[in-house]
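Novice: Those protein sequence lines, which keep their order, are chains A and B. full-length UniProt numbering numbers the first residue of the first sequence as 1 and each following residue consecutively. full-length UniProt numbering numbers the first residue of the second sequence as 1 and each following residue consecutively.
To be clear, the hints were calculated from the coordinates, so they are not data collected in a lab. You may find that some hints are simply not true.
[Stated by the list, open to error] Listed below are the simulated DSS-like cross-link pairs for lysine-lysine, each with C-alpha atoms no more than 30 Å apart in a straight line:
#1 Lys69(A) with Lys196(B)
#2 Lys196(B) with Lys294(B)
#3 Lys228(A) with Lys39(B)
#4 Lys294(B) with Lys285(A)
#5 Lys279(B) with Lys196(B)
Quick caveat: nothing in here was measured; it's all calculated off a predicted structure.
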Amino acid sequence: MADVQMLALAPPQPAPTAQRLGKFSAYFGTPGNTIVSLLSIAGILFIAKLAFGWLVIDAVFSGAGEACKVASGACWPFVAQKLRYMVFGFYPYEEQWRPLLALLLLFGACGVSMVPRFWSRNLLLAWIVVILPVLYILMAGGVFGLTPVPTTSWGGLPLSFLLSFIGLTLAMPLGIVLALARASNLPAIRVLAVGFIEIVRGVPLISILFMATVMLPLFMPDGVTIDKLVRAQVAIILFASAYIAEIVRGGLQDVPAGQHEAGKSLGLHYWQVMRKIVLPQALKKVIPPMVGLFIGFFQDTTLVTIVGLVDFLDTVRSAIRDPEWQGIAVLEGYLVAAAVYFTFSALMGAYSRFLENHFRTTHA
Amino acid sequence: MTFLHDMRFRAYFYQVVAVGFVVLVGWTMFATASGNLAKQNIATGFDFLTRPAGFVITEAAIAFEATDTIGRAILVGIANTVKVSLLAAFFGTVLGLAVGIARMSRNPLLARLALVYVELLRNVPLLLYLFLWYSLIILILPPVKQALNLLPGVYLSNSGLVVPAAFVESGGYALLACLLGGAAAAFLIRVAATRKRVATGRSNHGGLIALGVLLAPVLLLWLVNGFSVNWDFPTAGKFRLTGGLHVRPEFVALLFGLALSVSANVAEIVRAGIQAVNKGQWEASAALGLARGKTMRLVVLPQALRIIIPPLTNTYLTVFKNSSLAIAIGYPDLVMVSNTVMNQTGQAIETIAIFMGVYLALSITISLVMNWYNAHVALKER
C-alpha cells in the first residue's frame with residue numbers, strides 16, 4: 001500500500017564491471033557464468049512452453065463453459081463473453097458509450113497533461129473546473145438529456161480510474177497545503193498538520209475506508225446521507241494527501257532558506273513567497289517520486305472492493321464466480337485484470353523515468 | 001486598525017481560527033454521533049471488551065475459544081497480524097536480497113530475469129495477487145477427502161497443509177535457557193571480535209567462533225540427556241484430518257503474497273543502495289586485491305546499508321499495514337476480527353478506534369526501532 005516507488009526512480013547506472021566484458025563472455029565467460037546462463041535459458045524455455053501450451057495449443061477459442069471444462073488450456077470464450085461486463089460492470093447496457101467516452105476523455109486529458117511543456121496552473125485549474133465535471137456529467141447524467149445513472153450502478157474500469165484520478169487530482173492541493181502547514185512556524189498549525197499526516201500514514205488504507213463507510217454515517221445528522229462512492233472517494237483523497245504532503249515536504253526542505261529571505265526582502269508576503277518562489281522550485285523536484293506514488297495509489301484503489309464498491313477487480317471477480325463459468329476461468333479472469341493493471345502501471349513507470357531524464361538534461 | 005498588520009497578532013489569529021475550526025468540527029461530530037447512537041440504542045464505551053465473544057477464530061496465534069472475551073479476540077487478531085507480518089518481512093527480505101543481487105549480476109540473462117520478476121510484482125496490485133494465490137490453492141489442490149499424503153504425517157489439501165506437531169515435553173526450559181544463553185554469548189563474542197578487528201586491522205574468526213558458541217550449548221544438552229519430544233501425528237478421518245499442526249490456505253496465500261511483494265521492494269532497495277556506493281570504492285578495493293565477493297561483503301554492503309535502512313523501514317511499515325488485506329481472503333487478522341466484533345456489537349466507533357490505535361502504536365514502534373538501528377550504522381562524522 002502506498003508503496004512509494006522512489007527507489008525505482010534512481011538513475012540507472014551500469015553495474016560497475018559489467019560493461020567491460022564482451023558480449024559472449026558476459027554469458028559464458030566463466031564456468032559459473034555458463035551454468036547460470038544455461039539454467040536461465042532452460043527456465044525461460046520451460047515457462048515459454050508452459051505459457052504457449054496453455055494460452056494457445058490447449059486453449060479453447062469458441063464454445064461455452066462445457067468445452068472449457070474438458071480442455072486443460074485457457075478459456076477464451078469466457079474472456080470474450082465477459083469482457084464488456086468486466087470493463088463496465090452493471091452500468092446500463094445501452095448507455096455504456098458514456099463511460100467509454102469518459103475513459104477516452106480521461107486518457108486524452110492525461111496524455112496532454114503528461115507533456116511537461118503544457119504544465120501550468122491553468123492546467124490544474126482546467127482539470128478541476130472542466131475535465132472532472134465533464135467526466136462526472138458523462139457518468140452520472142441527468143442533464144443535457146442524458147439518462148441519470150445512480151452511482152450504485154457505476155463499476156468496472158471507469159470507476160477504478162475515476163477513483164484514482166479524481167482522488168489524486170484533489171489530494172494534490174490538499175497535500176501541498178498540509179506540507180506548507182507542517183513547515184509553518186505557527187506551532188498550533190504545525191501540530192495539527194503533523195498529527196493528521198502521521199495518523200493517516202500510520203494506519204492502513206482499509207481502516208480509513210472502513211471509517212468512511214461504516215463509521216461516518218454515525219456522525220451525520222438525521223436524514224443526511226452521503227453517497228457511498230463519495231465517501232470512499234473522500235477517504236482516498238485524505239489518505240493520498242498525507243503521503244503527498246510528505247513528498248512535498250522533502251521538496252520544500254531542498255529549497256535553500258535564502259530563497260525565502262530574498263522573497264521577504266523584496267516585500268512579498270508569505271503566500272506570494274510560497275506561490276511565486278518556493279513552491280515552483282519545490283514541486284519541480286518532487287514530480288518523479290510523485291508519479292511513483294501515483295502508481296501505488298492506482299493499485300491501492302482496488303481496496304474499495306473490500307468495502308463493497310464495484311471496481312475493476314471486483315467485476316473481474318464476479319465474472320469469475322458467475323455460475324456458468326464457476327471454477328473454469330479463474331486464471332483467465334485474473335490474468336486479464338493483471339494485464340490491465342500491469343499495462344497502466346508500467347506506462348506510468350516509463351513516464352516517471354522519462355521525467356527523470358527530462359529534468360536531468362534541462363536542470364543539471 | 002494597525003493591529004491587523006501586526007505579525008504577532010496575525011500569527012495568534014490564524015492559530016486560534018485553525019484550532020477553533022478543528023474543535024468545532026470535532027464537537028459537532030461528537031454531539032451528532034452521541035445523539036444518533038442513543039436513538040439507535042447502540043451502547044457506548046468499552047464494556048463490550050469483557051463480554052464473551054461467541055465466535056470462533058479459525059486460526060489463532062494464541063489460544064482462543066468462543067467463550068473467551070471480545071478483548072481476547074482482538075488480542076488474537078493483533079497476534080495474527082504480527083505473526084504474518086514478521087514472517088513475510090523475514091522471508092521477503094531474504095528473497096529480496098537474493099533478487100537484488102541477481103539484478104546486479106554480471107550475467108545479463110540473470111539480471112534481466114530478476115528485473116522481470118520485480119516488474120511483475122510491482123505493477124500488479126497486491127490484492128489481485130492475494131485473490132489469485134488463494135483461488136489457485138483452492139482450485140489446484142484436492143479436497144480434504146483425497147488429501148495428498150506427501151510424507152508420513154504430512155497431508156496437503158485445499159484446506160491447507162497438516163504436519164505433525166512437536167511438543168517438547170521435558171527439558172523445555174533447559175533448552176530455552178541454552179538457546180538464549182548461547183545467543184547472548186555469541187553476540188558478545190561477535191562485538192568483541194569486531195572491536196578487535198577494527199583496532200588491530202587484522203581479520204579474525206569472530207563470526208565462526210560466535211556461531212560455535214551459539215550452537216554448542218544446545219548440542220551439548222542434546223548429547224547429554226536428549227530432549228523427549230512428543231509428536232502429534234495427524235490422522236486421516238473420513239471427512240477431516242484431526243491432530244497435528246494445521247497451516248491454513250488463507251495464511252499461506254497471505255504470507256506468500258506479502259513476502260513476494262516485500263521481496264520486490266527489497267530487491268529494488270538493495271540494488272539502489274549498492275549502485276549508490278561510489279564506483280571508486282569498487283576500484284580501490286580491486287586495486288587492493290580483494291575478490292568481487294569480498295569487495296561486496298566488506299566494502300560495498302556496509303556502505304550501502306546506510307542508504308538502504310530508511311527505505312527498508314518504509315517497506316516493513318508497508319507490509320505491516322498491507323497485512324490488513326487479510327480480510328479479503330479471510331485470514332483472521334486484527335482488521336478482520338475487528339470487523340466481526342463491529343458486526344456483532346454495532347460499536348463501530350470504539351472498534352475502529354481500537355484497531356487504528358493499535359496500528360499507530362505498532363507503526364511508531366517499528367519506526368523507533370529502525371531509527372535506532374539507523375543511528376547505529378549511520379556514518380559517524382568526526
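Novice: Of all the hints given earlier, name the ones this structure violates by number, lowest first.
Specialist: 1 and 4
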